[in-house]
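Protein chains: 2
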Amino acid sequence: MGSFFPSSFAPLDPQSFSDESKAVIDFIEEYYRNIEKYPVQSRVQPGYLSEKLPDSAPYGPESLEDILKDVSESILPGLTHWQSPNFFAYFQANASTAGFLGEMLCSGLNVVGFNWISSPAATELESIVVDWMGKMLKLPSSFLFSGTGGGVLHGSTCEAVVCTLAAARDKALERLGGDENITKLVVYASGQTHFTVQKAAKLIGITKSNFRAITTSFSTKFAQSPENLRAAIEEDIKAGLVPLYLCGTVGTTSCGAVDPINELANIYREYKMWFHVDAAYAGSACTCPEFRPYLDGVELADSISLNPHKWFLTNMDCCCLWLKQPKFLVDSLSTDSEILRNSASESHSVLDYKDWQIALSRQFKALKLWIVIRKHGLTNLMYHIRSDVSMAKRFEHIKDTNPTQSLIAMVAKDHDFEIVVPRKFALVCFRMKPEIESKGTELNRELLNAVNSSGRAFMTHGVVGGTFYIRAAIGATLTEEHHVDDLWKLIKEKAQNLFLN
Amino acid sequence: MGSFFPSSFAPLDPQSFSDESKAVIDFIEEYYRNIEKYPVQSRVQPGYLSEKLPDSAPYGPESLEDILKDVSESILPGLTHWQSPNFFAYFQANASTAGFLGEMLCSGLNVVGFNWISSPAATELESIVVDWMGKMLKLPSSFLFSGTGGGVLHGSTCEAVVCTLAAARDKALERLGGDENITKLVVYASGQTHFTVQKAAKLIGITKSNFRAITTSFSTKFAQSPENLRAAIEEDIKAGLVPLYLCGTVGTTSCGAVDPINELANIYREYKMWFHVDAAYAGSACTCPEFRPYLDGVELADSISLNPHKWFLTNMDCCCLWLKQPKFLVDSLSTDSEILRNSASESHSVLDYKDWQIALSRQFKALKLWIVIRKHGLTNLMYHIRSDVSMAKRFEHIKDTNPTQSLIAMVAKDHDFEIVVPRKFALVCFRMKPEIESKGTELNRELLNAVNSSGRAFMTHGVVGGTFYIRAAIGATLTEEHHVDDLWKLIKEKAQNLFLN
Numbered sequence: 245m246g247s248f249f250p251s252s253f254a255p256l257d258p259q260s261f262s263d264e265s266k267a268v269i270d271f272i273e274e275y276y277r278n279i280e281k282y283p284v285q286s287r288v289q290p291g292y293l294s295e296k297l298p299d300s301a302p303y304g305p306e307s308l309e310d311i312l313k314d315v316s317e318s319i320l321p322g323l324t325h326w327q328s329p330n331f332f333a334y335f336q337a338n339a340s341t342a343g344f345l346g347e348m349l350c351s352g353l354n355v356v357g358f359n360w361i362s363s364p365a366a367t368e369l370e371s372i373v374v375d376w377m378g379k380m381l382k383l384p385s386s387f388l389f390s391g392t393g394g395g396v397l398h399g400s401t402c403e404a405v406v407c408t409l410a411a412a413r414d415k416a417l418e419r420l421g422g423d424e425n426i427t428k429l430v431v432y433a434s435g436q437t438h439f440t441v442q443k444a445a446k447l448i449g450i451t452k453s454n455f456r457a458i459t460t461s462f463s464t465k466f467a468q469s470p471e472n473l474r475a476a477i478e479e480d481i482k483a484g485l486v487p488l489y490l491c492g493t494v495g496t497t498s499c500g501a502v503d504p505i506n507e508l509a510n511i512y513r514e515y516k517m518w519f520h521v522d523a524a525y526a527g528s529a530c531t532c533p534e535f536r537p538y539l540d541g542v543e544l545a546d547s548i549s550l551n552p553h554k555w556f557l558t559n560m561d562c563c564c565l566w567l568k569q570p571k572f573l574v575d576s577l578s579t580d581s582e583i584l585r586n587s588a589s590e591s592h593s594v595l596d597y598k599d600w601q602i603a604l605s606r607q608f609k610a611l612k613l614w615i616v617i618r619k620h621g622l623t624n625l626m627y628h629i630r631s632d633v634s635m636a637k638r639f640e641h642i643k644d645t646n647p648t649q650s651l652i653a654m655v656a657k658d659h660d661f662e663i664v665v666p667r668k669f670a671l672v673c674f675r676m677k678p679e680i681e682s683k684g685t686e687l688n689r690e691l692l693n694a695v696n697s698s699g700r701a702f703m704t705h706g707v708v709g710g711t712f713y714i715r716a717a718i719g720a721t722l723t724e725e726h727h728v729d730d731l732w733k734l735i736k737e738k739a740q741n742l743f744l745n
Numbered sequence: 245m246g247s248f249f250p251s252s253f254a255p256l257d258p259q260s261f262s263d264e265s266k267a268v269i270d271f272i273e274e275y276y277r278n279i280e281k282y283p284v285q286s287r288v289q290p291g292y293l294s295e296k297l298p299d300s301a302p303y304g305p306e307s308l309e310d311i312l313k314d315v316s317e318s319i320l321p322g323l324t325h326w327q328s329p330n331f332f333a334y335f336q337a338n339a340s341t342a343g344f345l346g347e348m349l350c351s352g353l354n355v356v357g358f359n360w361i362s363s364p365a366a367t368e369l370e371s372i373v374v375d376w377m378g379k380m381l382k383l384p385s386s387f388l389f390s391g392t393g394g395g396v397l398h399g400s401t402c403e404a405v406v407c408t409l410a411a412a413r414d415k416a417l418e419r420l421g422g423d424e425n426i427t428k429l430v431v432y433a434s435g436q437t438h439f440t441v442q443k444a445a446k447l448i449g450i451t452k453s454n455f456r457a458i459t460t461s462f463s464t465k466f467a468q469s470p471e472n473l474r475a476a477i478e479e480d481i482k483a484g485l486v487p488l489y490l491c492g493t494v495g496t497t498s499c500g501a502v503d504p505i506n507e508l509a510n511i512y513r514e515y516k517m518w519f520h521v522d523a524a525y526a527g528s529a530c531t532c533p534e535f536r537p538y539l540d541g542v543e544l545a546d547s548i549s550l551n552p553h554k555w556f557l558t559n560m561d562c563c564c565l566w567l568k569q570p571k572f573l574v575d576s577l578s579t580d581s582e583i584l585r586n587s588a589s590e591s592h593s594v595l596d597y598k599d600w601q602i603a604l605s606r607q608f609k610a611l612k613l614w615i616v617i618r619k620h621g622l623t624n625l626m627y628h629i630r631s632d633v634s635m636a637k638r639f640e641h642i643k644d645t646n647p648t649q650s651l652i653a654m655v656a657k658d659h660d661f662e663i664v665v666p667r668k669f670a671l672v673c674f675r676m677k678p679e680i681e682s683k684g685t686e687l688n689r690e691l692l693n694a695v696n697s698s699g700r701a702f703m704t705h706g707v708v709g710g711t712f713y714i715r716a717a718i719g720a721t722l723t724e725e726h727h728v729d730d731l732w733k734l735i736k737e738k739a740q741n742l743f744l745n
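In the order they appear, the protein sequences are chains S and H.
If you number the first sequence the way this note's numbering does, the last residue is 745 and the count never jumps.
If you number the second sequence the way this note's numbering does, the last residue is 745 and the count never jumps.
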């Protein structure tokens with residue numbers, strides 16, 4: 245019988261908790277040490293895992309040793325290694341020791357802070373840490389608890405957009421005097437970032453045809469054009485529709501474009517919309533004074549969000565959302581429940597974060613962000629951003645520092661390559677110049693496939709204004725200069741092969 | 245300068261990752277060893293933490309030692325200790341070593357599996373493990389990937405309800421031929437569990453007045469009455485409204501009531517609604533054959549969800565959702581994005597979980613549930629459920645096994661106490677019998693406060709049919725028989741004090 249005998253069952257025994265956790269720490273340490281040995285993008289075929297694992301759960305317990313063996317043999321080959329220093333796809337998801345320590349504490353304490361009373365520290369630390377973040381970003385006090393606003397930690401930008409959209413919708417429907425007006429409400433966002441806002445708008449009941457992805461173009465470096473926006477709004481108003489919500493983006497997903505927040509803010513005020521600033525990726529950079537101007541105008545917005553789980557050394561997941569008038573969020577999302585009634589909430593001296601988000605239950609994510617900030621300090625967090633930007637610059641156009649390595653000329657200096665959208669942060673959008681423009685997509689798609697299938701790096705692509713390009717998102721935690729140099733060498737090597745063929 | 249010097253900045257150095265992680269493991273181990281020394285419910289006052297922490301982030305890095313000191317001195321006193329064996333409030337949030345190991349691996353690998361290609365193992369393991377869970381629950385194959393349906397891991401029941409509601413809404417609006425019909429759609433759920441479904445319905449744009457919380461009563465042990473439901477539906481249809489979605493609950497939050505799934509299913513079919521079964525709490529118990537009959541009729545439903553993060557030894561957060569026709573979910577939640585386009589998705593040989601949930605980004609939660617299942621095996625998971633139920637029975641009415649301890653007579657045997665709603669799982673709903681019925685609420689509220697403020701246990705309350713009662717939710721991972729006996733002694737002691745006063 246042995247370990248199958250239930251009376252020995254102690255699923256949270258402190259000693260075995262410690263022993264087994266340390267074995268997993270060793271496993272992860274080893275993974276980080278060897279991470280460059282794996283092909284960055286997984287090479288498995290669809291359905292590979294069902295051939296390796298049983299199709300139903302085991303009846304008896306299995307050992308950690310067996311489980312870790314399966315993780316090594318069956319799971320790791322199926323991973324695309326986001327923590328690899330050679331991962332340049334999508335946007336990076338920065339893990340760090342500090343973020344991991346915070347996750348461990350969050351998971352170990354495993355408290356559920358839906359309201360203040362259910363774990364006061366979870367609510368209070370969250371309020372403190374979102375204020376810390378807000379101050380690091382030099383947000384006006386109208387967004388801070390220490391001022392007249394407040395913030396919350398969500399899991400994703402989509403959740404932040406869903407919640408603020410719902411708040412805006414309910415506020416508008418009240419003003420318009422009837423729920424049947426929901427079909428008149430219109431949501432606007434840059435064509436560059438449409439999918440999150442579009443999904444969120446659909447989710448909260450906005451008619452599909454009432455979502456406007458404002459076309460962007462090379463002429464504005466793919467920033468939302470206030471003129472196009474105004475034209476779309478005017479047309480909607482003429483058609484009897486009601487502008488509801490405008491999302492401005494600082495650092496779009498496809499090419500890192502920055503909407504002119506100041507100018508958009510003036511428009512939204514004119515039309516009484518809700519104005520949300522989505523700084524999911526580039527918001528973290530705005531902790532550095534040299535990038536902060538991109539947020540100018542945020543003081544006019546209703547809400548702003550950014551994801552520390554992208555570029556701010558915070559393991560998944562963590563999204564900061566600040567609001568000028570959290571009241572509207574709470575009006576829209578709060579529900580009464582006898583089972584949650586308590587004197588602290590009724591005294592109105594505390595806040596209950598369940599009314600600031602979609603779900604009732606919530607993790608103690610604040611612990612993670614708090615440890616990330618303290619363990620690095622603003623100085624190292626800024627250093628992290630700046631070193632990634634500097635590597636992106638190097639990749640883009642800094643001149644060859646070693647004349648013997650002729651391959652290192654980098655994108656902008658190489659006559660075979662060109663920058664497609666000017667770089668603002670650490671995302672480089674480039675392509676191989678086609679001899680005939682109509683072959684550009686095919687050529688660059690082939691080049692991207694060749695790079696990715698080498699296993700030595702992983703990038704993704706984008707399309708703006710009809711132009712297909714390759715995205716090198718520089719900023720994985722472990723990426724160093726030599727990885728960026730190697731990426732360039734790899735690209736050149738694969739490009740030469742394509743030319744020769 | 246020392247550690248402030250940025251060139252030494254290595255936020256994911258494997259060696260310090262390992263050393264510091266192990267220090268945090270030691271910290272958490274120590275926390276579990278001492279967990280009974282803390283008052284279960286935190287005694288801090290609103291605003292306590294802002295007096296202890298600086299109001300802005302540090303400029304330079306701080307040591308782990310300093311941070312852990314602050315966790316001990318400032319955070320732990322502000323926690324309500326959900327992992328304490330004396331935590332009997334709300335529903336338990338079961339941490340376990342296995343769940344923690346899974347969280348560590350998830351956080352350490354830190355992959356973002358929004359689509360198949362972004363980390364195939366994340367998608368494939370999730371599909372496999374939801375099938376494992378489905379088979380453990382003896383769900384019909386129409387809910388399994390190995391059959392004709394499929395499942396996904398969400399973070400919360402609310403998310404599962406939001407997504408299925410949106411799918412139902414979009415399907416209905418298409419049938420009705422116009423978005424303006426959204427104001428006609430009506431959602432039904434038990435008055436026992438209204439808040440999650442009500443919040444979700446409001447979020448997706450259902451008119452507030454079109455939510456029906458079906459009244460329940462002592463006569464049906466607070467199960468939803470098919471007659472009341474049918475009456476409400478008929479009335480709505482007469483008024484020109486359209487029944488959209490019915491939520492049946494197996495194990496309601498307030499008192500653990502079970503809706504008659506079979507009978508509800510017959511009604512929903514008649515009216516062409518979407519039928520969702522919410523088994524957030526009690527679903528885990530249905531892995532034991534003796535509880536499975538509560539799910540009878542689920543084969544007729546459209547979707548079912550349960551939260552392993554409650555009673556299934558899975559650290560926060562994890563909610564399983566199964567659907568008969570995942571297609572409707574995907575139709576409602578998918579969005580195209582050039583940046584995510586890839587040949588695997590376009591071949592339709594894989595599934596992309598981003599289209600099964602609210603957010604784009606997603607963690608590798610499947611790893612956690614997979615390790616929980618393997619490390620315990622079905623046998624120990626059933627043992628866990630059964631031992632909690634057996635402790636609840638003991639608390640409720642098992643006879644005194646030690647005649648010298650006269651205080652141990654337990655609720656149902658004690659002439660001063662009574663069971664308010666018959667127990668089905670491990671939640672005991674009881675109250676002290678008042679001499680005058682009108683004093684019942686006050687008396688039990690005082691008793692509950694006396695117990696909770698002792699710091700020796702934490703319970704919450706409920707109200708059904710106008711009766712205030714105390715909930716003892718038995719099933720924290722560390723709870724053993726003697727904790728339940730101590731809880732009863734504590735209640736008796738506090739009750740005697742109240743009587744004497």
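Hints should not be assumed to be uniformly reliable.
Same chains, same names: a pair is fine if it fits in one copy or spans any two.
As the list claims (entries may be wrong) - Cross-link-like lysine to any residue pairs, in silico, SDA-like; alpha carbons within 20 angstroms at most:
1. K516 x T685
2. K482 x Q289
3. K452 x T427
4. K313 x N586
5. K571 x D658
6. K379 x E280
7. K465 x S262
8. K379 x Q569
9. K465 x E582
10. K452 x D580
11. K571 x A483
Everything labelled a hint here was simulated from the structure, so no lab data went into it.
Outcome of the hint check:
no., hint, result
1, K516 x T685, "neither (42 angstroms within a copy, 47 angstroms between copies)"
2, K482 x Q289, "neither (52 angstroms within a copy, 54 angstroms between copies)"
3, K452 x T427, "both (9 angstroms within a copy, 16 angstroms between copies)"
4, K313 x N586, "neither (48 angstroms within a copy, 31 angstroms between copies)"
5, K571 x D658, "neither (54 angstroms within a copy, 47 angstroms between copies)"
6, K379 x E280, "neither (37 angstroms within a copy, 38 angstroms between copies)"
7, K465 x S262, "neither (53 angstroms within a copy, 44 angstroms between copies)"
8, K379 x Q569, "within (18 angstroms within a copy, 47 angstroms between copies)"
9, K465 x E582, "between (53 angstroms within a copy, 18 angstroms between copies)"
10, K452 x D580, "between (31 angstroms within a copy, 13 angstroms between copies)"
11, K571 x A483, "neither (31 angstroms within a copy, 34 angstroms between copies)"
This entry does not satisfy hints 1, 2, 4, 5, 6, 7 and 11, going by the numbered hints stated previously.
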